[in-house]
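S.K.: From first to last, the protein sequence lines are chains A, B, C, D and E.
Numbered per this note's numbering, the first sequence spans residues 1 to 409.
Numbered per this note's numbering, the second sequence spans residues 1001 to 1316.
Numbered per this note's numbering, the third sequence spans residues 2001 to 2255.
Numbered per this note's numbering, the fourth sequence spans residues 3001 to 3255.
Numbered per this note's numbering, the fifth sequence spans residues 4001 to 4515.
Note that these hints are calculated values from the structure, not bench results.
Incorrect hints may appear among the rest.
[As the list claims (entries may be wrong)] When the alpha-carbon atoms are kept at most 25 Å apart in a straight line, the in silico BS3-like pairs for lysine-lysine are as follows: (1) C:Lys-2186 - D:Lys-3186; (2) D:Lys-3123 - D:Lys-3087; (3) D:Lys-3087 - E:Lys-4137; (4) D:Lys-3145 - E:Lys-4210; (5) C:Lys-2083 - C:Lys-2136; (6) D:Lys-3123 - D:Lys-3136; (7) C:Lys-2145 - A:Lys-221; (8) E:Lys-4137 - D:Lys-3123; (9) D:Lys-3136 - D:Lys-3120; (10) D:Lys-3145 - D:Lys-3083; (11) D:Lys-3124 - E:Lys-4234; (12) D:Lys-3087 - D:Lys-3120; (13) A:Lys-305 - C:Lys-2138; (14) D:Lys-3138 - D:Lys-3123; (15) E:Lys-4435 - E:Lys-4408; (16) D:Lys-3124 - D:Lys-3136; (17) A:Lys-405 - C:Lys-2145; (18) C:Lys-2186 - A:Lys-221; (19) A:Lys-405 - A:Lys-130; (20) E:Lys-4408 - D:Lys-3083; (21) C:Lys-2087 - C:Lys-2120; (22) C:Lys-2186 - D:Lys-3136; (23) A:Lys-221 - C:Lys-2136; (24) C:Lys-2138 - C:Lys-2083; (25) C:Lys-2087 - A:Lys-305; (26) E:Lys-4341 - D:Lys-3145; (27) C:Lys-2138 - C:Lys-2123; (28) A:Lys-305 - A:Lys-405; (29) E:Lys-4408 - D:Lys-3145; (30) C:Lys-2123 - C:Lys-2145; (31) A:Lys-305 - C:Lys-2136; (32) D:Lys-3138 - D:Lys-3087; (33) C:Lys-2123 - C:Lys-2087; (34) D:Lys-3124 - D:Lys-3138; (35) C:Lys-2120 - A:Lys-221; (36) E:Lys-4137 - E:Lys-4435; (37) A:Lys-405 - E:Lys-4408.
Nothing here was measured: the structure is a model prediction, and the numbers come from that model.
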Amino acid sequence: MTTLADQPVTASNESFKLSMLLNDTRYRSLTFQFIALVAIIAFMAFVGGNLVRNLTEAGLNISYAFLGEPSGYDINQRPIEYDSQSSHGRAAVVGLLNTLIVAFLACVTATIFGVIAGVLRLSNNWIVSKLMSFYVEIFRNVPVLIWILIIFSVMINVAPSPRDFRGDDAVASMWLFDSIAVTNRGVYLPKPVMGDGSMIVLAVFALSVIGIFAFRNYARKQLFDHGRMVPVFWPSIGLFFIPAILTQFVLGNPITLSYPSLQGFNFRGGITILGSLIALWFALAIYTGAFIAENVRAGIQAISKGQTEAAAALGLRPNRIMSLVVLPQALRVIIPPLISQYLNITKNSSLAIAVGYMDVTGTLGGITLLQTGRAIETILLLMAFYLTVSLLISFFMNVFNNRMKLQER
Amino acid sequence: ATLDEVKARGTLNCGVTTGVPGFAEPDANGVWQGFDVAVCRAVAAAVLSDPNAVEFVPTTGKTRFTALASGEIDMLARNTTWTFSRDVDLKFEFTGVNYYDGQGFMAPKDLGVTSAKELDGATVCIQTGTTTELNLADFFRANGISYEPVPIETGAEAVQQYNAGACDVYTTDASALAAQRANFEDPAAHVIMPEIISKEPLGPLVRHGDNEWADIVRWTLNALITAEELGVTSANLNELAAGSDNPEINRLLGTEGDLGGMLGLDADWAERAIGVAGNYGEIFEKNIGESTPIGLARGLNAQWTDGGLLYSPPFR
Amino acid sequence: MAEAAQMQVSDEVAITIQNMNKWYGTFHVLRDIDLTVQRGERIVICGPSGSGKSTLIRCINALEEHQAGSIEVDGTLLSSDLKNIDKIRSEVGMCFQHFNLFPHLTILENCTLAPIWVRKTPKKEAEETAMHFLEKVKIPDQASKYPGQLSGGQQQRVAIARSLCMRPRIMLFDEPTSALDPEMIKEVLDTMIELAEEGMTMLCVTHEMGFARQVANRVIFMDAGQIVEQNEPEAFFNNPQSDRTKLFLSQILGH
Amino acid sequence: MAEAAQMQVSDEVAITIQNMNKWYGTFHVLRDIDLTVQRGERIVICGPSGSGKSTLIRCINALEEHQAGSIEVDGTLLSSDLKNIDKIRSEVGMCFQHFNLFPHLTILENCTLAPIWVRKTPKKEAEETAMHFLEKVKIPDQASKYPGQLSGGQQQRVAIARSLCMRPRIMLFDEPTSALDPEMIKEVLDTMIELAEEGMTMLCVTHEMGFARQVANRVIFMDAGQIVEQNEPEAFFNNPQSDRTKLFLSQILGH
Amino acid sequence: MSDTQAQTVAFVRETEIPPSPPPIREAGAVKWVRENLFSGWFNTIMTLVALYIILRIVIGVFPWFFNGVWDAGSIRECRDILEGATGACFAVLVDRWDHLLFGFNYPQDAYWRPTLAFVLLILAAVPALFYMYVPSKFLIGTALYPFLAYWLLWGGTLWLPIAVLAAIILTGVVFRLVESMTVSTRTIVAGIVGLVAGVGLAYLLYLGAKELWFISTSIGTGGAFAGLMSLVFKAFSIFTYVFFIPMGIFVGYAIYQSASDGGLVTLVTSLLAIALMMLYAVGPVSGVLNGIIPIELAAVESRQMGGFMLCMMLGAVCVSLSIPLGIVLALGRQSSMPLIKGVCIVFIEFVRGVPLITLLFVANVMLAYFFPPGSGLDLFLRVVIMITMFSAAYIAEVIRGGLAALPKGQYEAADSLGLNYAQATRLIILPQALKISIPGIVNVAVGLFKDTTLVSVISMFDIVGMIRGPIQQSTDWISIYWEPYLFAATCFFIVCYSISQYSQWLERQLQTDHH
Ligand SMILES: Nc1ncnc2c1ncn2[C@@H]1O[C@H](COP(=O)(O)OP(=O)(O)OP(=O)(O)O)[C@@H](O)[C@H]1O
Ligand SMILES: Nc1ncnc2c1ncn2[C@@H]1O[C@H](COP(=O)(O)OP(=O)(O)OP(=O)(O)O)[C@@H](O)[C@H]1O
Ligand SMILES: [Mg+2]
Ligand SMILES: [Mg+2]
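This is chain A alone, in the form it adopts within the complex:
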């Protein structure tokens, strides 16, 4: 029946009366919104007018010209090229990248800490579960700023300084056949130097990584098609290392390592991971890990006992119950709060300056602000940056939530 009657009719030919603006459900909400709009504009007028007047009175103007001027200061961690002659704008970008670096590292590590602690908290080993509760409670209930300060200080006092490596009676020594130096200024790792043919080794390595995925797929297919269980873990490990190492050996060591060594005041050569980065990274990770541990625990406990029992009654073994039944469901519960924790890490990384790590709050919102005195401009930029990051993260979270929504009637 595709008659006119299949479409809703909206026409209403009552005559309009002023009181309908208030009493008629159709106009009422429009009226309220109009009033709200006027109120917002009035508020803007108040705030904006004061701002303009105050700025004129102080003889200030809003200008972002300073971003193009040379910054004049150095930054200890430079993901992109930068020196003291670069502009403030570039310094801001360096800081921004530094923020993202530490936030990313801390997110990954916090997740690992959190998952381990959350699972161990449910362990039936009394001492371990109590230790984890202790960890969670002590970190959750003390401000993160204090933790950052304390952890940083512990690290610089516990790790040896480069001085301790010096001399014949050195108190400290490098790890793993003199290839890694752990100092309170940072960790120095060997850096690969690409010789001839190293591309082949890399290619083999890349292929073997792809191979691992292929192998896993194959194993799954074997199970699904022929009901044969192929072991996956050890072959994967082998596949990861053996082909690349063999090629390296066969081609006569095209990739060599340049080891860090103590030269002058510091270790040089190799890859440096700054101490302040490590401290902030670790502090944020261990602090947020405590919160994530709670989320993980709650997520696992949210899966009703019935699910485990049903799986057990079907004959599934405990590790399979975990991976096939409990975890897939628990993840739905765990991931949304997990993402908020990631947001928190990003925001808390703005405390970086307490350990001397030059994140965006340290460069743009710190030295640049200090040198140029452009408080309003820099703070607006800062807010815009953090806002963008969190909106992006929230966006991904919503996408995830929608995809993972349980099908219901």
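Keeping the supplied structure of chain A fixed, place chains B, C, D and E with the ligands upon it in accordance with the hints.
M.R.: Positioned in the frame of chain A, the structure of chains B, C, D and E with the ligands alone reads:
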């Protein structure tokens, strides 16, 4: 105008740091003490006849300029370096220099470094705040050597790092270096290097455009300096205020001429200012001098007559 | 119908429980349970709430440990040996009161999960079996939906199909209809009757007396953790021996 | 009994629905509904699931908007004018399938809430009225309990009492018994019969045919958003006219 | 049916089997250790690792802790006493105890006031926290507490908080009065109120329009963006010029019109009443009363507050302010009106997206520019505004969860009983939604309390600010590090841990509660 506001309010709002040993710090009773603080008190005594009529407003490096610009404070007396852009671009008025500082380096003796120029590749702890990072960058750049900066917010944290060996050298204003070193467990194990890589004239500042107020602050500071030059001390102040043979002392202390009236104050404004804690030299000795735990020598801050830079324009 | 069903009872023993006792802490839930179930027998267990019915059948597939006595299923002694537990569980299907379907998997995946991972059945084969049993419980067209999209009766039938996919020799039902409305109860009972007619060994906790009369070989009445009375349905309902049973039946039938 | 009840129907019109149409998006749920209800009439609405029964009675009480046609309740035209909506809602009581009691308030508070806040009745008076109606539905002793502490049947009766406290002239019931078990159904139906005997105008969506026979003046059968047939109960059940009705009745009575 | 089978099957128990105690396999302690610590190789390894970690920590910290010096005047004296041994210098806590707790600036003879306020806070919190056990009349004490606490902390005349309280109570009376008026009386009130509100609004809007024009003329110089902004503001200004009179008339008329149902009139009258009283009555009345019967404490300015007390104050004030704001935001976000919903979403997402420390910078360096020149809001107030906004956004999200958890039937039932939006929200929806949200709100509160330490970055002397500023930078305690931080951590741990334990307890209570 600021003067009227201050008088009407009955207190002087003076911006200070959140704490620099010897320069500005609240003691165990919460009373602000220190070298910068003394300037505030002197101004308060000159204007309001009461050295305690000061509301100390602690500011950080980031907040100090807005606090002054927005009128939250009447004057800023904290370690703020007098630079061109602050004076001109940020629209402030520096009213003089109460401490000639310069950025220096400190290193452990066993590092075997005697000059800052040997610091190629060193890790440097910088206490951020004023112009330190810029000076450092300029110095190393000018000498064509490299370094690893470690910016740190507070002196306490810098000392933590420095003592744990997380940095080879520690740089900040020489006065602060000396103060920190004096309180190390073994002060003798550390050397302050001869190079002073920057000029850091530290002084009080006020907002641009209110010249009457700027004059009051400027000449109060000058009164303290001149008093030392002329030998006016807290001990002989009362005696000299009754009149002396030196016409300049008389003009300073208001027994001759009407300098106070020109400032919009009364005749014995300077006497009150000096009466708070004595002249510049006395203030120096009491707060940061060699007899204190801070233990600073006069150095550049000696009177010009003693080979220093302190040179107050004449009271005439 | 009861006569017809009885025909298929064989002389082989499926489950032997001897002198089994269980405690929760110091609370004695099951006392001296002795029970032998023949292959193909269909047993209905009833009794007041809290009498230990659920606990009993949960002990049979090792969801709970018992502390004394022995349980033997298909000749395998239930001990704390994991191998035996696995063996028993793959032979005993269980159907819970609250279905306990896996909400993150489709109906088909619910049904093929255990065959693939426990029995290592090839996926294709597992899916065929699953569809077979889904047809049996009359919901093959729901196979690709998620549990949350089905009605209660349908969910319960999926739960039955899921256990059947493991081709168990013995099925345990724990009040399979008590969460359902009358219309759905009928659907589920029909499915169970069909199973019964095929000669499946069944232990079923239920208060559906109609079902008991129609299907069971034996009705067991439990109270306070003990088996108080057991008999053939006709005899049990028409001529209960123990006073406790009489009281219980008067309540349940009068309702 | 049906005759006795019929006595009280007056000639005044309580509800007039003319040519009413409603859409959800583009889905046409109600089509050309015409219905006149006299004061004191008791109407039972039945029909297959999804036929729009709930939607119809929710429109009468403005819980849903209709897009075409008119609904007039007690002489007040239901339009988007809030005043009219308020007026109608205070004259029409509604009783939901899932009770929708306010769990954070006691039974007494549930019943006095609307009289106090909407009718501005003094609290004391409102409580007296509430107790009166709670007595009427035979649960005066539960007045100070919370809804969570009552059984389903008791909750449903509280829901009825709650709407009665507003002294509505018209009561709408949406499957008031379908969430209940048989014993509780009886409790609720008894209460409704009592109300009917007092001459309350009632529209009731239900499949309880016993209730329809005993109480209704008229039975309305809906399908696919249309009123397919309406008649007096005897005639409706014994001699349905439309094929659709016959089919429906055969299912529902055969069950 | 064969007879034999019938016989084997029939079974009737003749005697009851008595319950017996469970079999005992192993003795208590040994069994416990075996089951909980060494029940498998994995468990055994974990136990050993855990024990090793604990041991290391204890060995590392023990001497430092127990060599602690408690009595010294400065860090130098401490060192002399220790003579090179490892040991803490807890003397700093003794020496600066008052500063750590109250800040260095709070008058020493008035320490009893915050202490008393703290004790009273605990007493006042009890009826709210344990509402299920404490008779609800004790909540009156909780409601009175803020006024008393204000007086204790800030000093001044007691009559001021009393006058404010009186104004609030009076407003309540006005509310009741207008609500219970007959329609004809209310029409008169509505007329007057409508006139006042209409004229007042029109005037405010007129000022706003002028202001907007002023903005547009003063930003329109540099560059395309500024030009565009200038145009936008011009448009706004014209919009407001066009609408200020109609708007005033309309709002006045609307208030007048709503006399019959009374909701709007009542609300506007009460708002008007409280605004007028706050502006014109509270100050003079309290002044006069204080003139007659002076009850005064020495006034303390908020910039003199500091130490842990400042954290507690900020925490308590901001949490209690942000709950109502959070409720409004949550309701706004659930609103069906796109504009209002949009504004709430933008606000919430904006505030949640920015670190608190940046917001605090805003409070410190920017907020002053947004107020009329010279109005000089004090820093404490600015910080309170920012933290309140911050936590309100989080609380709004928690409450939104609670609102979403309510079944739709509750809204429908309220509608069908004829309750209007305000009544339904206040009587039906919020009580239930808030109850669900309590644990979440408590979590936000704990987080907020911890975040109060961030005010140290804008030169306020909370406990961390106190340590990083005046203590570590004093001549006596120069660069002392561990001891004060340890103390601060302990303070926070005690408070936060108690709150989170409370929250868990409450969660359990709510679970077992009738629903
Ligand atoms: N995990 C447990 N810990 C302690 N006691 C328990 C536990 N599980 C069950 N019980 C107790 O054991 C007794 C038997 O429980 P069970 O579930 O077997 O009863 P049931 O006969 O199935 O009752 P219903 O008909 O209500 O399901 C009950 O009294 C119950 O309270
Ligand atoms: N909010 C909605 N949006 C879209 N479609 C709806 C909505 N509510 C109900 N419907 C549809 O409108 C139709 C009528 O629904 P209604 O609830 O009135 O049926 P009913 O006759 O009461 O059925 P039941 O006996 O199952 O309660 C159904 O097909 C339903 O799917
Ligand atoms: Mg049970
Ligand atoms: Mg319906």
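S.K.: Take the hints in turn and mark each one as holding or not.
M.R.: Comparing the hints with the structure gives:
1. Simply put, Lys-2186 of chain C and Lys-3186 of chain D have alpha-carbon atoms about 22 Å apart, close enough for the 25 Å limit, and the pair holds.
2. Of the pairs offered as hints, the one joining Lys-3123 of chain D and Lys-3087 of chain D holds, with about 21 Å between alpha carbons and a cut-off of 25 Å not exceeded.
3. Proximity of Lys-3087 of chain D to Lys-4137 of chain E is assessed by CA-CA distance (about 37 Å); at most 25 Å being required, the pair is judged violated.
4. With a CA separation close to 60 Å, the supplied pair Lys-3145 of chain D and Lys-4210 of chain E exceeds the 25 Å bound.
5. Using a Cα cut-off of 25 Å, the hinted pair Lys-2083 of chain C and Lys-2136 of chain C is violated, with the two alpha carbons roughly 31 Å apart.
6. Distance hint between Lys-3123 of chain D and Lys-3136 of chain D is fulfilled; the C-alpha atoms sit about 20 Å from each other, no more than 25 Å.
7. Between Lys-2145 of chain C and Lys-221 of chain A, the direct Cα distance comes to roughly 24 Å. Compliance with the 25 Å bound is thereby established for this hinted pair.
8. Annotation: proposed proximity of Lys-4137 of chain E to Lys-3123 of chain D holds, straight-line Cα distance about 19 Å (limit 25 Å).
9. A threshold of 25 Å between alpha carbons decides the hint, and for Lys-3136 of chain D with Lys-3120 of chain D the separation of about 23 Å falls inside it, so the pair holds.
10. For the hint linking Lys-3145 of chain D to Lys-3083 of chain D, the alpha-carbon distance of about 34 Å lies beyond 25 Å, and the restraint is violated.
11. Under the criterion of a C-alpha separation no larger than 25 Å, the hint pairing Lys-3124 of chain D with Lys-4234 of chain E is inconsistent with the structure, at around 59 Å.
12. Using a Cα cut-off of 25 Å, the hinted pair Lys-3087 of chain D and Lys-3120 of chain D holds, with the two alpha carbons roughly 14 Å apart.
13. Between the alpha carbons of Lys-305 of chain A and Lys-2138 of chain C the distance comes to roughly 29 Å, so the proposed pair goes past 25 Å and is violated.
14. A distance of roughly 22 Å separates the Cα atoms of Lys-3138 of chain D and Lys-3123 of chain D; the hinted pair therefore holds under the 25 Å criterion.
15. The suggested pairing of Lys-4435 of chain E with Lys-4408 of chain E holds, with an alpha-carbon distance near 17 Å, which does not exceed 25 Å.
16. Taking the CA atoms of Lys-3124 of chain D and Lys-3136 of chain D, the gap is about 18 Å. The hint holds against a cut of 25 Å.
17. Annotation: proposed proximity of Lys-405 of chain A to Lys-2145 of chain C holds, straight-line Cα distance about 14 Å (limit 25 Å).
18. Pair hint Lys-2186 of chain C plus Lys-221 of chain A does not hold up; C-alpha atoms about 41 Å apart against a cutoff of 25 Å.
19. Note on Lys-405 of chain A and Lys-130 of chain A: the hinted pairing is violated, with a Cα-Cα distance of about 34 Å set against a maximum of 25 Å.
20. A C-alpha spacing of about 23 Å is found between Lys-4408 of chain E and Lys-3083 of chain D, which places the hinted pair at or below 25 Å, so the restraint holds.
21. Proposed proximity of Lys-2087 of chain C and Lys-2120 of chain C is supported: the alpha carbons are some 14 Å apart, at most 25 Å.
22. Using a Cα cut-off of 25 Å, the hinted pair Lys-2186 of chain C and Lys-3136 of chain D is violated, with the two alpha carbons roughly 36 Å apart.
23. For the hint pairing Lys-221 of chain A with Lys-2136 of chain C, the CA-to-CA distance comes to about 29 Å; that exceeds 25 Å, so the pair is violated.
24. This hinted pair does not check out: Lys-2138 of chain C and Lys-2083 of chain C have alpha carbons roughly 35 Å apart, beyond 25 Å.
25. Only pairs whose Cα atoms come within 25 Å are accepted, and Lys-2087 of chain C paired with Lys-305 of chain A is accepted, the gap being roughly 22 Å.
26. Note on Lys-4341 of chain E and Lys-3145 of chain D: the hinted pairing is violated, with a Cα-Cα distance of about 38 Å set against a maximum of 25 Å.
27. Restraint check for Lys-2138 of chain C and Lys-2123 of chain C: the C-alpha separation of about 22 Å stays at or below 25 Å, so the hint holds.
28. Straight-line distance between C-alpha atoms of Lys-305 of chain A and Lys-405 of chain A comes to about 21 Å, which keeps the hinted pair within the 25 Å bound.
29. Between the alpha carbons of Lys-4408 of chain E and Lys-3145 of chain D the distance comes to roughly 23 Å, so the proposed pair stays at or under 25 Å and holds.
30. A distance of roughly 18 Å separates the Cα atoms of Lys-2123 of chain C and Lys-2145 of chain C; the hinted pair therefore holds under the 25 Å criterion.
31. A hinted pair counts as satisfied when its Cα atoms are at most 25 Å apart, and Lys-305 of chain A with Lys-2136 of chain C does not qualify at roughly 29 Å.
32. For a cut-off of 25 Å, the pair hint linking Lys-3138 of chain D to Lys-3087 of chain D is broken: about 29 Å separates their Cα positions.
33. Using a Cα cut-off of 25 Å, the hinted pair Lys-2123 of chain C and Lys-2087 of chain C holds, with the two alpha carbons roughly 21 Å apart.
34. Under the criterion of a C-alpha separation no larger than 25 Å, the hint pairing Lys-3124 of chain D with Lys-3138 of chain D is consistent with the structure, at around 21 Å.
35. With a C-alpha separation of about 12 Å, the suggested pairing of Lys-2120 of chain C with Lys-221 of chain A holds against the 25 Å cut-off.
36. Restraint check for Lys-4137 of chain E and Lys-4435 of chain E: the C-alpha separation of about 19 Å stays at or below 25 Å, so the hint holds.
37. Restraint check for Lys-405 of chain A and Lys-4408 of chain E: the C-alpha separation of about 20 Å stays at or below 25 Å, so the hint holds.
Checked against the numbered hints given earlier, this structure breaks hints 3, 4, 5, 10, 11, 13, 18, 19, 22, 23, 24, 26, 31, 32; the rest are met.
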